[in-house]
Amino acid sequence: MNRVHEIIFRLLLVSLALSSCLAATTLAQTPSPSPSQDATKAPDKQEQANPFALEPAAPLPPGMTGSDTSDPRAKLTPGIYDAGEAAMGIKHVLLVKKPDAFQLGADNPDDPKVQKMLGQMGAGGETSKMPKPVQLVIAQLSFANSDLAFQGNHLFQGNFYGLNIFDISNPAKASLLTTMICPGGQNDVSVYKNLLFMSVEMANGRLDCGTQGFPPAPPHPSPAAGQSNPFSAPPAQKDRFRGVRIFDISDIKNPVQVAAVQSCRGSHTHTLVVDPNDKNNVYIYISGTSFVRQSEELAGCSGGKPDKDPNTALFRIDVIKVPLARPQDSQIVSSPRIFGDESGAMNALHSGGTHGKEKPSDTDQCHDITVYSSIGLAAGACSGNGILLDIKDPAHPKRLDAVNDPNYAYWHSASFSNDGKKVVFTDEWGGGLGARCRPNDPNKWGADAIFHLHDNKLSFASYYKMPAAQGDSENCVAHNGSLIPVPGRDLEVQAWYQGGISVMDFTDAEKPVEIAYFDRGPIDPNMLVLAGDWSAYWYNGHIYASEIARGLDIFELTPTKFLTQNEIDAAKTVRMSELNVQNQQKIDWPRKLVIAKAYVDQLERSQALPADRVATLRTAIQAAEKSNLNRKSVAKLKGLAPSLDQSAGTTSAADANRLRALADILRNPAR
Amino acid sequence: MRTIMRASRNGLFSAASVAFLLFISVSAQQTPVVVQPGAPGQPTRTLPSSTRATLPPASPADVQFMQHMIMHHAQAVEMTALIDSHTANKELRTLGARISRSQSDEIKFMKRWLTTRGEPVAPEMADMPGMDMASHQMKSGHEMLMPGMLTAKQMEALRNAKGEEFDHLFLTGMIQHHNGALIMVKDLFDTAGAGQDAELFNFTTDVDTGQRAEIKIMQTMLGEKP
Chain V
0 MNRVHEIIFR
10 LLLVSLALSS
20 CLAATTLAQT
30 PSPSPSQDAT
40 KAPDKQEQAN
50 PFALEPAAPL
60 PPGMTGSDTS
70 DPRAKLTPGI
80 YDAGEAAMGI
90 KHVLLVKKPD
100 AFQLGADNPD
110 DPKVQKMLGQ
120 MGAGGETSKM
130 PKPVQLVIAQ
140 LSFANSDLAF
150 QGNHLFQGNF
160 YGLNIFDISN
170 PAKASLLTTM
180 ICPGGQNDVS
190 VYKNLLFMSV
200 EMANGRLDCG
210 TQGFPPAPPH
220 PSPAAGQSNP
230 FSAPPAQKDR
240 FRGVRIFDIS
250 DIKNPVQVAA
260 VQSCRGSHTH
270 TLVVDPNDKN
280 NVYIYISGTS
290 FVRQSEELAG
300 CSGGKPDKDP
310 NTALFRIDVI
320 KVPLARPQDS
330 QIVSSPRIFG
340 DESGAMNALH
350 SGGTHGKEKP
360 SDTDQCHDIT
370 VYSSIGLAAG
380 ACSGNGILLD
390 IKDPAHPKRL
400 DAVNDPNYAY
410 WHSASFSNDG
420 KKVVFTDEWG
430 GGLGARCRPN
440 DPNKWGADAI
450 FHLHDNKLSF
460 ASYYKMPAAQ
470 GDSENCVAHN
480 GSLIPVPGRD
490 LEVQAWYQGG
500 ISVMDFTDAE
510 KPVEIAYFDR
520 GPIDPNMLVL
530 AGDWSAYWYN
540 GHIYASEIAR
550 GLDIFELTPT
560 KFLTQNEIDA
570 AKTVRMSELN
580 VQNQQKIDWP
590 RKLVIAKAYV
600 DQLERSQALP
610 ADRVATLRTA
620 IQAAEKSNLN
630 RKSVAKLKGL
640 APSLDQSAGT
650 TSAADANRLR
660 ALADILRNPA
670 R
Chain P
0 MRTIMRASRN
10 GLFSAASVAF
20 LLFISVSAQQ
30 TPVVVQPGAP
40 GQPTRTLPSS
50 TRATLPPASP
60 ADVQFMQHMI
70 MHHAQAVEMT
80 ALIDSHTANK
90 ELRTLGARIS
100 RSQSDEIKFM
110 KRWLTTRGEP
120 VAPEMADMPG
130 MDMASHQMKS
140 GHEMLMPGML
150 TAKQMEALRN
160 AKGEEFDHLF
170 LTGMIQHHNG
180 ALIMVKDLFD
190 TAGAGQDAEL
200 FNFTTDVDTG
210 QRAEIKIMQT
220 MLGEKP
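Protein sequence lines, in the order shown, are assigned to chains V and P. When the letters of the first sequence are read in order and numbered with numbering that gives the first Met the number 0, they come out as residues 0 to 670. When the letters of the second sequence are read in order and numbered with numbering that gives the first Met the number 0, they come out as residues 0 to 225.
The hints are simulated quantities; they were obtained by calculation from the structure and are not laboratory data. Ideal Cβ positions, reconstructed from N, Cα and C, are used throughout, including at glycine. One thing to keep in mind: the hints can contain errors.
Capping the alpha-carbon separation at 27 Å, the derived lysine-lysine pairs in DSS-like fashion look like this [said to hold, decoys possible]:
no.: 1; chain 1: P; residue 1: Lys185; chain 2: V; residue 2: Lys307
no.: 2; chain 1: P; residue 1: Lys185; chain 2: V; residue 2: Lys304
no.: 3; chain 1: V; residue 1: Lys192; chain 2: V; residue 2: Lys571
no.: 4; chain 1: V; residue 1: Lys625; chain 2: V; residue 2: Lys635
no.: 5; chain 1: V; residue 1: Lys591; chain 2: V; residue 2: Lys571
no.: 6; chain 1: V; residue 1: Lys237; chain 2: P; residue 2: Lys185
no.: 7; chain 1: V; residue 1: Lys585; chain 2: V; residue 2: Lys571
no.: 8; chain 1: V; residue 1: Lys192; chain 2: V; residue 2: Lys585
no.: 9; chain 1: V; residue 1: Lys637; chain 2: V; residue 2: Lys571
Cβ-Cβ distance ranges computed for the label pairs, FRET-style [as the list claims (entries may be wrong)]:
no.: 10; chain 1: V; residue 1: Arg574; chain 2: P; residue 2: Arg92; range: 52 to 58 Å
no.: 11; chain 1: V; residue 1: Lys397; chain 2: P; residue 2: Glu155; range: 48 to 54 Å
no.: 12; chain 1: P; residue 1: Ala151; chain 2: V; residue 2: Ala344; range: 37 to 43 Å
no.: 13; chain 1: P; residue 1: Gln218; chain 2: V; residue 2: Gly78; range: 45 to 51 Å
To be clear about the criterion: a stretch of chain P counts as covered by chain V if any three or more of its residues have a C-beta under 8 Å from a C-beta of chain V, and this derived list gives those stretches [said to hold, decoys possible]:
no.: 14; region: 30 to 40
no.: 15; region: 95 to 106
no.: 16; region: 205 to 219
In isolation and in its complexed conformation, chain V is listed as follows:
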């Protein structure tokens, strides 16, 4: 289950966990060489009794440590909308449930609509063995929420069935504006000015946003015995859409599809790329992870092996050029072979760099790419590798470095520190569908990996995994997150599915620590139902989380010993007009005293300055604020700056940066 990744959607009942070990152990203990067919004939008794039952986790591999069972998040009570909650440094502000058009319109599991939907899904069978509340959730999970994008006062939440647009001008009273029906999965979204982009990969995607999909072929009347594909009717469909849709959202209540750019593998995710030197176009990087479709359906598509077919749709990404004046003319302009080498081989990555012994797996796709245009780089999380790209020419990205990791199952996403000196990769071990944060799951598996980035080379520093043990019925692994713009620190808020959200401080790349969290209990205690946070992003003062099953969650940070009110206030000074997390924007802080106060708090916490100097700084800053920066107070501030610069010579690099940045503000504070 290497990849799964995001996929999340196996909506239903996901299996719990490494049942495998159990199975393997059982087999090992009874080594009677049973013919392979036997294993397939009859499920074991326990499964016959209840195929949804949980199984105990496999033992920890030797030398590994697992998650913390004493954490308050380890044993929360289950529930859909009334699950137990645990939080530290985060306050839950609001949950906006999924709109009726994306669900059954029933809150009561006994409502006939629930059974009707299960029937529509083909679930006619043993639903009686599922707990009632779970039936309700499962019936609604065909409409799983996915990723988020932001623009002004609007939040865009993708859903496998379409998109929801919310008004977040008052986050505590966020409200739904528009529900757009357009199935295709996973419908990851980005926004740029009047344009909205959406990723489609599934076989039911239609050009016309229809919900009917395509008719299944009946079994062939008389196929040859042993024929592997006994179904008739050609699968090519001219109305099928897999690729990136482009909508005009000038009227937020009436998005209009202006283009639909088809691609061979569809679009699992995509990345908006804005070229600082090109005002007329933007670019979209398509990361396709799914099957390559037939050339009968889309000309030129081939899934051939690289040595046999130089035009294979594997081993590449696709780049769409979007002319802003005529978005309807958007098209794929290049398909860079970013896994290749100078010899012309397109599958060269297995000889890439490494910090472990195990060779990287066959990397023929990226799952997600984060571009950081202001430094001309992109970090790609590309199945078997983390890679670094030069994107100064956006249509022709060039690979600069590649790493792999013996503890990584599937490279899923990446983000840069604001200074561009670190990259955080995530490993979506088990694809988000499995319980991977149990006490026996290694905390190096399904974790973040923090890399130093120096001279265009990546080097491994450490792992970070949300530390709390989660239950057998909670899907949990590293997933999408964004930076929180606290000056002087590298903070990332991140979604861990049913593991909740966790805020990590990775200022010290060797020693990442958790400084805040929020978590709910499982949807159900006895069965793993796909749910939890797909992504958690900071946007203009709040944290927004896309909860797969429940809806949209909105949070605020609250002060703790790990994060002060001044630091939170400093983060809130950073305002963005648009946020597409995979198109990372450089954060610049104003030279305001609120920023200075955050630095002082940090220097106190790290004991880089003694208590008396901290007190002197606070008094001077307070006086300056009270007097509205009168001449005397400004002079006093200025006088404190040189000694800060001096101290910077004798502290850690992080504190030295804080001291210099503080001195800089004190020399010339802005109102």
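Chain P: place on chain V using the hints.
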């Protein structure tokens, strides 16, 4: 008098319009719109707020795929179960543990998927045209195998091998086995209407990617230990 009256009439008018605008904005906030775009270049339709979600039809090819893949995966688990007693190769043991975990995990998933839909976890021979295992077996004298599955003879050889010979047979056998899974996935998506179930779609994509990755690892291991 006239002036005053006009003023008050204007005042009334403005108060009314303010109230009206307020009403509009409040009601707009309370009733979000439900829309469905058309194909590129076509207008977007507004749908009634009572619209509820629907799904594409279920595909018999999906069901058959899951049933066959359970059989297929079961053999991989059987193969990995031999590792502990047949080789001391640490690298192979680690790989085997990972394959065993993921394949067993996936078997459970597939059984749940089928059970939820009221389908048997193994194909019903008589109802499965072209997949008549019983008669096929009788006629040919061989067991029915999914693509890539090891024959009884191959399995026997694996069971009888030890040490390096086992390592080699295991790796070549598992590569053959995994390549078969890739064929099964390709066949599925070469079938009209198949793979529209989101869960199944994602599952098959995972199987495809996961097995490709493991094939590469095994090829590398073979290269290092010829």
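Determine which of the earlier numbered hints do not hold for this structure and return their numbers in increasing order. none
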